[in-house]
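Q: For the protein sequence lines, the chains are C and L, in the order given.
Each step along the first sequence adds one to the number in this note's numbering, with nothing skipped, and position 30 is 30.
Each step along the second sequence adds one to the number in this note's numbering, with nothing skipped, and position 36 is 36.
What the hints contain is simulated information worked out from the structure, not anything from laboratory work.
Where is the CB? At the ideal position from N, CA and C, for every residue including glycine.
Accuracy of the hints is not assured; some may be wrong.
To be verified - For lysine to any residue, the following SDA-like pairs were computed, each having C-alpha atoms within a straight-line distance of at most 20 Å: (1) 146/C with 243/C; (2) 19/C with 61/L; (3) 145/L with 58/C; (4) 145/L with 243/C; (5) 145/L with 146/C.
Claimed, not checked - One side of the interface only, derived from the structure: several residues of chain L facing chain C at Cβ under 10 Å: (6) 61; (7) 63; (8) 65; (9) 68; (10) 69; (11) 101; (12) 106.
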Amino acid sequence: MGEVSIPKIKAGVILRDLKIKEPDDISIEDIAWARGAVVIENGLRGADARLLYTPGILPAIIRVNATIPHLGRRRFAIAHELGHLELKHNPGAPTECGEKQFVLWYKSQNDKELEANLFAAELLMPEAMFRKRLEKTVPSLDLIEKLADEFQTTLTATAIRYIDLCEEQCAIVFSTGGKVVWSRRSPDFHRWIAPGRKVSSYSLAADFFEGSTLSEKVEIVRRDAWVENASERETIKEQSRAMRSYDSVLSLLWIPYEFTR
Amino acid sequence: MGNADDAARETARFLDNLTEFIAGEEQQLDEIKESLRAQGVDPEESLRQFRQTLSEHAPTWREKAARARADMAISFESQKARAHRTRTEIEREIRETMETMRALGAPVEAGAYHRNFEEARDEDLESLLDDLQFQRALLLKQRDKKDSNG
Numbered sequence: 001m002g003e004v005s006i007p008k009i010k011a012g013v014i015l016r017d018l019k020i021k022e023p024d025d026i027s028i029e030d031i032a033w034a035r036g037a038v039v040i041e042n043g044l045r046g047a048d049a050r051l052l053y054t055p056g057i058l059p060a061i062i063r064v065n066a067t068i069p070h071l072g073r074r075r076f077a078i079a080h081e082l083g084h085l086e087l088k089h090n091p092g093a094p095t096e097c098g099e100k101q102f103v104l105w106y107k108s109q110n111d112k113e114l115e116a117n118l119f120a121a122e123l124l125m126p127e128a129m130f131r132k133r134l135e136k137t138v139p140s141l142d143l144i145e146k147l148a149d150e151f152q153t154t155l156t157a158t159a160i161r162y163i164d165l166c167e168e169q170c171a172i173v174f175s176t177g178g179k180v181v182w183s184r185r186s187p188d189f190h191r192w193i194a195p196g197r198k199v200s201s202y203s204l205a206a207d208f209f210e211g212s213t214l215s216e217k218v219e220i221v222r223r224d225a226w227v228e229n230a231s232e233r234e235t236i237k238e239q240s241r242a243m244r245s246y247d248s249v250l251s252l253l254w255i256p257y258e259f260t261r
Numbered sequence: 001m002g003n004a005d006d007a008a009r010e011t012a013r014f015l016d017n018l019t020e021f022i023a024g025e026e027q028q029l030d031e032i033k034e035s036l037r038a039q040g041v042d043p044e045e046s047l048r049q050f051r052q053t054l055s056e057h058a059p060t061w062r063e064k065a066a067r068a069r070a071d072m073a074i075s076f077e078s079q080k081a082r083a084h085r086t087r088t089e090i091e092r093e094i095r096e097t098m099e100t101m102r103a104l105g106a107p108v109e110a111g112a113y114h115r116n117f118e119e120a121r122d123e124d125l126e127s128l129l130d131d132l133q134f135q136r137a138l139l140l141k142q143r144d145k146k147d148s149n150g
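Could you put together the complete structure from these sequences and hints?
A: Here it is in structure tokens:
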């Protein structure tokens, strides 16, 4: 089961109240309106989205950057701002509007940012709907891409959701410039993937950073290419996708149970 | 097909009678019912069908939301003042607008959240001012409504 949290409960209540049962029904602008916020898609360049609200005055205003290239990122940004509104986060007021003050003000919001992300993930990829689609499937980026397409979410956000809800030993790794930046492991994946670690030449992802063609298939590689303290004989399945505009690679790692016997 | 036609005819007849009732002289409820029955219409059944027809054709929450959002976008655009302002002027106006809102009794100060914030560009500050002014207008409207209700 996914972890129970206030953001998740709040999102669940909204989905239930609006009788949303399928991904197609998750029209984020309409949901925002139904919850007291109007979405306006212009007037913002320096951030993906901004929520302005004064308690007691409706509607609150969610501005979205019109230049966001991906629909999934746009939807996530709106859902994230709606999360702040639903969770009654109080950011305090911008007493000065200078650059420095804005940056300091923004950077002090980390815990609340995390909660708003949890809310957005549950609202856009509700656990029950998502889980149903994982039945009788095997881990692959093809599956995650299909889910991203159906839920209209980004590949990265969907991959994280997948890792949180799948019942396999999986991990997702994001590497940039030949180094691991972050990873997320499923509850059953107990091996450590160190951030900052150089992407091993035994991995598929290394092909991208070495300028070769990156295979899009699931392939078996040495486990020590990715995880700490693995022996040379142990193996792991890897599938990677290049994210060229970020000079990055998103890799799905999977240890099938037969590999651990 | 036949049943659907009958139901539609009966509903139409009921609506005609209802319109006549609303537009005509005041009558007692029992008299209305009696009059409908005399015309071969079962008032209770017709009312049930009428409600059902209404609910079948009632807009969904998404349709209602989409319509309301479009209306809001129009009224929002019409609120905007478009004269060119320098960054310092915009910043001053933001502070003034927030001051006014505070003076108008806004429960707490307006707050804003950003997603993936990088920098506050002039355009961002302008839209922040627009949003604050829009909220101030709503606050004024709320206050006027309260005043007129005594």
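Q: Does each hint fit the structure? Answer for all of them.
A: Outcome of the hint check:
no.	hint	in the structure
1	146/C with 243/C	holds (17 Å)
2	19/C with 61/L	holds (10 Å)
3	145/L with 58/C	holds (15 Å)
4	145/L with 243/C	violated (54 Å)
5	145/L with 146/C	violated (51 Å)
6	61	holds (6 Å)
7	63	holds (9 Å)
8	65	holds (4 Å)
9	68	holds (6 Å)
10	69	holds (5 Å)
11	101	holds (7 Å)
12	106	holds (5 Å)
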